[in-house]
Amino acid sequence: MKDFVHVWQNVEFVQTAYGKKTVKVLCIRRQGGHHDITEIKADVQLTLKSHKDYLTGDNSDIISTDTIKNTVHALAKLKGVKTIEVFSLAICHHFLTSFDHVGRVSVFIEEAPWRRLEKDGVEHAHAFIYSPENIRFCDVEQHRNGIPVVHGGLKDMKVLKTTQSGFVGFLKDRFTTLEEATDRCLCTTVYARWRYNKVKDINFDAVWKGIKDMIIEKFAGPFEHGEYSPSVQKTLYDTQVLVLARVPEVDEIEVIMPNNHYCTIDMTKFEIENKDEILLPLDNPSGNITGTLRRKQAKL
Amino acid sequence: MYQVQMSAEEPQESRPLLSASVDDFLSESGGAPPAQSSVLAELSPRDTWEESNVDDEDGATFDTPPSSPLGYAAMTCDSLARPDEAVGDDLDLDSGSPDGLGESASGELDPGIPSESLEDEFVKAKAVVESDTQFWDKMQAEWEELARRKWLEVEEEGDRLTPPTKSPARTLQDFPFSSDNPFTERGGAFAEAQEKVAGGHLNEAVLLLEAAILQDPRDSEAWQLLGTTQAENENERAAVASLQRCLELRPDNLQALMALAVSWTNGGLRRHACDALYAWMAHNPHYKQLLRPVAAAPPDNTGESLCVQELLQLYQDAASLHQDRVDPQLQTGLGVLFNLAGDFQAAERAFSAALSVTPEDYLLWNRLGATLANGQRSSEAVLAYARALRLRPGFVRCRYNLGVSFLQLGEHREAVSHFLMALKQQRRSDGGAQDDRVSAGVWAALRVALADMEAPRLLRAAHDRDLDGLAAAFDVADA
Numbered sequence: 056m057k058d059f060v061h062v063w064q065n066v067e068f069v070q071t072a073y074g075k076k077t078v079k080v081l082c083i084r085r086q087g088g089h090h091d092i093t094e095i096k097a098d099v100q101l102t103l104k105s106h107k108d109y110l111t112g113d114n115s116d117i118i119s120t121d122t123i124k125n126t127v128h129a130l131a132k133l134k135g136v137k138t139i140e141v142f143s144l145a146i147c148h149h150f151l152t153s154f155d156h157v158g159r160v161s162v163f164i165e166e167a168p169w170r171r172l173e174k175d176g177v178e179h180a181h182a183f184i185y186s187p188e189n190i191r192f193c194d195v196e197q198h199r200n201g202i203p204v205v206h207g208g209l210k211d212m213k214v215l216k217t218t219q220s221g222f223v224g225f226l227k228d229r230f231t232t233l234e235e236a237t238d239r240c241l242c243t244t245v246y247a248r249w250r251y252n253k254v255k256d257i258n259f260d261a262v263w264k265g266i267k268d269m270i271i272e273k274f275a276g277p278f279e280h281g282e283y284s285p286s287v288q289k290t291l292y293d294t295q296v297l298v299l300a301r302v303p304e305v306d307e308i309e310v311i312m313p314n315n316h317y318c319t320i321d322m323t324k325f326e327i328e329n330k331d332e333i334l335l336p337l338d339n340p341s342g343n344i345t346g347t348l349r350r351k352q353a354k355l
Numbered sequence: 159m160y161q162v163q164m165s166a167e168e169p170q171e172s173r174p175l176l177s178a179s180v181d182d183f184l185s186e187s188g189g190a191p192p193a194q195s196s197v198l199a200e201l202s203p204r205d206t207w208e209e210s211n212v213d214d215e216d217g218a219t220f221d222t223p224p225s226s227p228l229g230y231a232a233m234t235c236d237s238l239a240r241p242d243e244a245v246g247d248d249l250d251l252d253s254g255s256p257d258g259l260g261e262s263a264s265g266e267l268d269p270g271i272p273s274e275s276l277e278d279e280f281v282k283a284k285a286v287v288e289s290d291t292q293f294w295d296k297m298q299a300e301w302e303e304l305a306r307r308k309w310l311e312v313e314e315e316g317d318r319l320t321p322p323t324k325s326p327a328r329t330l331q332d333f334p335f336s337s338d339n340p341f342t343e344r345g346g347a348f349a350e351a352q353e354k355v356a357g358g359h360l361n362e363a364v365l366l367l368e369a370a371i372l373q374d375p376r377d378s379e380a381w382q383l384l385g386t387t388q389a390e391n392e393n394e395r396a397a398v399a400s401l402q403r404c405l406e407l408r409p410d411n412l413q414a415l416m417a418l419a420v421s422w423t424n425g426g427l428r429r430h431a432c433d434a435l436y437a438w439m440a441h442n443p444h445y446k447q448l449l450r451p452v453a454a455a456p457p458d459n460t461g462e463s464l465c466v467q468e469l470l471q472l473y474q475d476a477a478s479l480h481q482d483r484v485d486p487q488l489q490t491g492l493g494v495l496f497n498l499a500g501d502f503q504a505a506e507r508a509f510s511a512a513l514s515v516t517p518e519d520y521l522l523w524n525r526l527g528a529t530l531a532n533g534q535r536s537s538e539a540v541l542a543y544a545r546a547l548r549l550r551p552g553f554v555r556c557r558y559n560l561g562v563s564f565l566q567l568g569e570h571r572e573a574v575s576h577f578l579m580a581l582k583q584q585r586r587s588d589g590g591a592q593d594d595r596v597s598a599g600v601w602a603a604l605r606v607a608l609a610d611m612e613a614p615r616l617l618r619a620a621h622d623r624d625l626d627g628l629a630a631a632f633d634v635a636d637a
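Protein sequences appear in the order of chains X and D. FYI, the numbering for the first sequence is 56 to 355, going by my numbering. FYI, the numbering for the second sequence is 159 to 637, going by my numbering.
Be aware that a few hints might be false.
Derived Cβ-Cβ restraints for the label pairs, each shown as a range [unchecked claim]:
#1 X:T218 x D:E300: 36 to 46 Å
#2 D:R605 x X:H156: 14 to 24 Å
#3 D:R618 x X:E279: 29 to 39 Å
#4 X:Q288 x D:R618: 52 to 62 Å
#5 X:V296 x D:Q474: 33 to 43 Å
#6 D:Q503 x X:D175: 43 to 53 Å
In the DMTMM-like style, the derived pairs of lysine to aspartate or glutamate whose C-alpha atoms are separated by at most 20 Å in a straight line are [as the list claims (entries may be wrong)]:
#7 X:K104 x D:E518
#8 X:K351 x D:D610
#9 X:K253 x D:E538
#10 X:K104 x D:D610
#11 D:K354 x D:E518
Quick caveat, the hints were computed from the structure, so don't treat them as lab data. All C-beta atoms, glycine included, are put in the ideal place defined by N, C-alpha and C.
Start from the sequences and build out the full structure, keeping to the hints where you can.
Now the structure itself:
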């Protein structure tokens, strides 16, 4: 077998990584009768220094993915899981310090959106309801001898407004049938991922909540009369600028806003006048608008 | 049953089939658009092969892979290449055994297929393949033309770098020389340029260097100086173009390699930055022996494309070779790598180490400043930039960086003054026409500063590029 490997000298590695994904864990913190929970879904990937596992089938360096899963479980108990970013950092730290031969650790965690039951300002001691208004996630990557790079994010946040959105002045060619609109519905499912420029002394929870609020703020505008959006692109960019202006701990932010279309149903054949009151939600296709913005960099 | 597979990973020779461009479709006079139909469909392979290969589970032995349409056409030609012979003769595709195809097909092709129609089929297939080839040749020519034309595009903001195109060796005419260069006939242009650089008159240095290059396009020193000067003049695109030309002439030019690595880093092209840093190590007589063990190692190690982490290890190993002395260029490489890795504190240490050896190197002061700025330490960055500008007041890039840091600190008036000064320094004193892209980045930063100051009249002036008006408004004297 070894001889066969040496024959193939005309190939080289581009990248390798292995690990366990979708490791789910629920953490309960009990303070008397008051319980706190965090439920997560974790993907952990390791890149080892040697490639002998791929090359020759020598498994002596492999930390089995089953072990990786057990490690996540054990670390959940030993370190606790309060903030997913901090827990991700702990996982990276463990694998890089417990072993000599791990070159890189990459962790992705999604948090289950449990919300404590509450009524008239009174919170329930230990009951929660699944409220997927948005999903919080994070990813952390760290090389041996390197500093960790932390990204925070949120996804699947679907928002809709029924006016203060338009789209005019776009390019028209022989294939264009879209009519200009100055008053339309705008519905989008926001995805945002941002990079922190430091790791210590950051209140990840506060930053996450702040950015979520800023996204909603830019989308909806003031409660009375909203804010006009000339395009998804403009709203997206304004959101990013707002985040970078208000959050000094964030250096770069990526936002993806699909345009989930709603179309007025033509009822003229029924001799009914539909004044943009009854609309058809379209699943597909949807527009897809993306952008990544970062602080101006100094030139070396 | 033999199945023909049109897989996505076709060999290079047989072009993958995509639909033709709409214009081709519209311009075709009635006929089918090129490359729309599958070559194999033209040949109705299933029919042809099934009739000849009934129950041929293992398939005949072919030289060319069956999925390749060209190969298939060739096969068809070969296998039926003897039209004068009776079709029923056993087809000796499998030269080893007398059975070959014949056995499974009960010894003969279906006698119902006359050889002439197969010839026609082949001619048709060949025509389709040729128009297919034509289509791709046309696309290839279009791509190369676009790549050549890239130099003429005007970027709106900043200077986004595009990765080097794989187009054939560029000619001198593709290079973005300045127009109306008054120095083109000047003798001793290179020497004069060196003086201008030393005096901090980067604008004129650029023109003199371009003149020297037009007189002798193979002067790699001129290309190198042009590259580094353009970088100092905050014109990354031109810097990259010049440095690449220099390296085409002299691939082992260490200064050009390091300067190029810095430019790629600024442009966010990490892969290219890493390649340049690797090349710097590979051509460096002091350290290249460190690379030999890598090449000789068992297949464990990756090929030449090292990533940031591996390069960091390499550069750190090089640094530990000579513990007693510090190599400022090596430390610069380390600083660049740490910037790429986002470890600004380590980068700061590297540039500081380099400065301890060459404290008058204004480039290093700027690099230290940029590292501090990108690491959120804007007030310290300002101090480093000030040191650089004291040494070289005409250092446009550093002044731009200073403006950016003032912006981060909320000092808008300071920022605007420095941007305006930089623009004045970049402006040609002889009033000659200047490419819009040269100052695009600085103008963009200026507009940001003015927008923050909520001064619509001044912002309009910035949109109109009214440099004199703005300079007067902010009391910015001539450089």
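Whether the CB-CB distance between X:T218 and D:E300 falls inside 36 to 46 Å: Cβ of X:T218 to Cβ of D:E300: about 45 Å, so the range 36 to 46 Å holds.
Worksheet item: If you draw a straight line from the CA of X:K351 to the CA of D:D610, is it 20 Å or shorter?
Response: 15 Å, holds
For X:K104 and D:E518, compute the direct alpha-carbon distance and say whether it is at most 20 Å. Violated - the C-alpha atoms of D:E518 and X:K104 are around 41 Å apart, more than 20 Å.
Verify the proposed pairing of X:K104 with D:D610, using a straight-line Cα cut of 20 Å. With Cα atoms ~49 Å apart, X:K104 and D:D610 exceed 20 Å; violated.
Against the range 43 to 53 Å, how does the distance between the Cβ atoms of D:Q503 and X:D175 compare: consistent or not?
51 Å, holds
Measure nothing beyond the straight line between the CA atoms of D:K354 and D:E518; if it is 20 Å or shorter, mark the hint as holding. Holds, at about 18 Å.
_For the hint 14 to 24 Å, verify it against the beta carbon of D:R605 and that of X:H156._
51 Å, violated
For the hint 33 to 43 Å, verify it against the beta carbon of X:V296 and that of D:Q474. 39 Å, holds
Checklist line | Verdict for X:Q288, D:R618 (Cβ pair) under range 52 to 62 Å | finding: Taking Cβ atoms as reference, X:Q288 and D:R618 lie about 23 Å apart, which means the hint is violated.
| field | Distance restraint between X:K253 and D:E538, which requires alpha-carbon spacing of 20 Å or less | value | 18 Å, holds
- Holds or violated: 29 to 39 Å for the Cβ distance of D:R618 and X:E279? 32 Å, holds
This entry does not satisfy hints 2, 4, 7 and 10, going by the numbered hints stated previously.
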